[in-house]
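Residue numbers (this note's numbering), protein chains in the order written: chain A, 1 to 324; chain B, 1 to 278.
Worth double-checking, as some hints may not be accurate.
[To be verified] Using C-beta positions, here's what the derived DEER-type ranges look like:
(1) S180(B) / A310(A): 41 to 47 Å
(2) T258(A) / L92(B): 54 to 60 Å
(3) V108(B) / A79(A): 22 to 28 Å
(4) L218(B) / G62(A): 45 to 51 Å
Please keep in mind that the hints were generated in silico from the structure rather than gathered at the bench. This one's a predicted model, so the numbers in the text were calculated from it and none came from an experiment. Note that beta-carbon positions come from the ideal geometry of N, C-alpha and C, so glycine has one too.
Read off the chains here:
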Amino acid sequence: MNALLRVEGLSVQFPTDRGPVRAVEDLSFSVAAGETVAMVGESGSGKSTAALALLRLIEPAGGQVSAGRILFDGIDLLALPSRQLRRVRGGRVGMIFQDPMMALNPIFTIGWQISEALREHLGLSRRAARDRTLELLQRVGIPAPGERIDQYPHNLSGGMRQRVMIAMALACRPSLLIADEPTTALDVTVQAQVLALINTLKDEFGMAVLLITHDLGVVWETAQRVVVMYAGRKVEEGSVADVFERPEHPYTRGLLKTARLSEDRAGPLVEIPGTVPNAFEMPRGCRFAPRCAQAFARCADGVPPDIKVAAGHDVACLLAERAS
Amino acid sequence: MKGFLHFWRRFRRNRAALVALFVLLAITLIAIVGPYVYTVDPFEMMGRASTPPSKRFWLGTDVSGRDMLAGLIHGARVSLLIGIAASLCATLVGLIVGATAGYYGRAVDNILMRCTDFFLTIPSFVLAVVLIAIFRPSVTNVTIAIGIVSWPPVARLVRAEFIAQREREYVLAARALGMSDIEIMIRQILPNALPPVIVVSSLLVATAILTESGLSFLGLSDPNVISWGYMIGVGRTVLRLAWWMPAIPGIAILVTVLCINLVGEGLNDALNPRVQRR
């Protein structure tokens, strides 16, 4: 499989007074051209940190990529000089964020902000950029774009603002879109519309999507493959059908049970007992072991290796090794 | 244009600021066209020394018999010019230092802010005196000296604004769109940080005029141009015999500085609407 994005052994750490905290550890995955890969996990699992690290946006926030390689179309983004990196950002890789209110500059019109992206990368004239912007606004389903183009972010609803963000990210027809919880801040009905829009544009532009989310329903509806994260590590990876139907990792199973996607919606709400371990007191072995009902002695000894349970379906759990 | 109308409507609500703005515009007009209309040389001895205001000399003459009205008109030019130029100078330096420190943080912030603290610990008027004493007192040097002693508060304000803005998600989004640090600082953050800076630099004009007056009162300003502070300095010796001599330029300074402060307050109300007026 020729991957558009290949991440190998990525580790991200934040220096603190009590020593570095590893937010992401030894993460490897890949995204093929035209494919949607979802990265799921609860808050603090490192999924957003990993997404930011892909475009080296973690450095201004105080984080450091301490190990690994990020290959985008064969280019190592970690080794790229900043000038070239800036051409990739917003050019061949677009990114949208969780809160579309915060991600738009409050004092500029949306038209100005989208045009800025176009002029930055494509060197369009003011006139041409405005025409392109109108076209994009239309494309992302904003009614009356001729009026909206001169409005400010606070004049728009949350769903509209996310559409504007999408228009900005897609301005230069990227081949990869990184969407960091794109629907979390939106109403349920608007969520579905925005996801449908991302899906349509993905097919139309033939781009790949890396979708960061904690919503398994969203994963089921939009993604082909899924990467499950727990406490900074990947615990399971596979096609959505495989992982949802035959989850191998106890954490994935727990997640699926709490999401209540299947028919057993009756009965009390289930939860996974315990909490995510403290960043300073990470277990030496499997990080989920303290919360895992099926843990045994060896789980605490070392980090469990990735075990292949089916084609393209890996799990980092010793149970899978025992079963085979 | 729509934004300006909105701003003007809010500014207009503050009556005092509106009146002050018109007074300031009048003073500026006098400073610009006055010397062409009233063509008396302010350094020329025109009549007897120390005469009170009369029909011939509306504002009297000074100790050397020079026309006070001519001095006042020419002085307006110098005072306003130095005030505005020094404020712009201080604002520019403050913006560069504050924005760099606030945006980059960490070591850069530390170094720049310690430099700022260094300037803040020295009494600014004394530092201005020392700078003028080292360099030749000319209009340019006086402006630069006042600028050098006035930028630290601007830098601290800009830094605080940049620190508040740099964590905002729109900065991250701009970076994800491939903008460089300089572009983000100038095109994205600066417009958001500007309103309080505009208020402070308008008030700096008033401070600069006062500092210039103080310097020329001490005889440390350009000897080739007349300024209000210089006129007070000249009149100081005869204060008990001819009180109007230092009082007239003194009132000119008072009115100008007061008006600038009122306009600054009006700007603050119009630009920072979140701050409710009591």
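- Item | Satisfaction of the hinted span 22 to 28 Å by the C-beta atoms belonging to V108(B) and A79(A) | Given about 25 Å between the Cβ atoms, the range holds.
- L218(B) paired with G62(A), Cβ distance criterion 45 to 51 Å: holds, 50 Å
- Satisfaction of the hinted span 54 to 60 Å by the C-beta atoms belonging to T258(A) and L92(B): holds, 57 Å
- Query: Cβ-Cβ distance between S180(B) and A310(A): within 41 to 47 Å?
  - Reply: Distance hint for S180(B), A310(A) holds at roughly 46 Å.
Violated hints are absent here; each numbered hint is respected by the structure.
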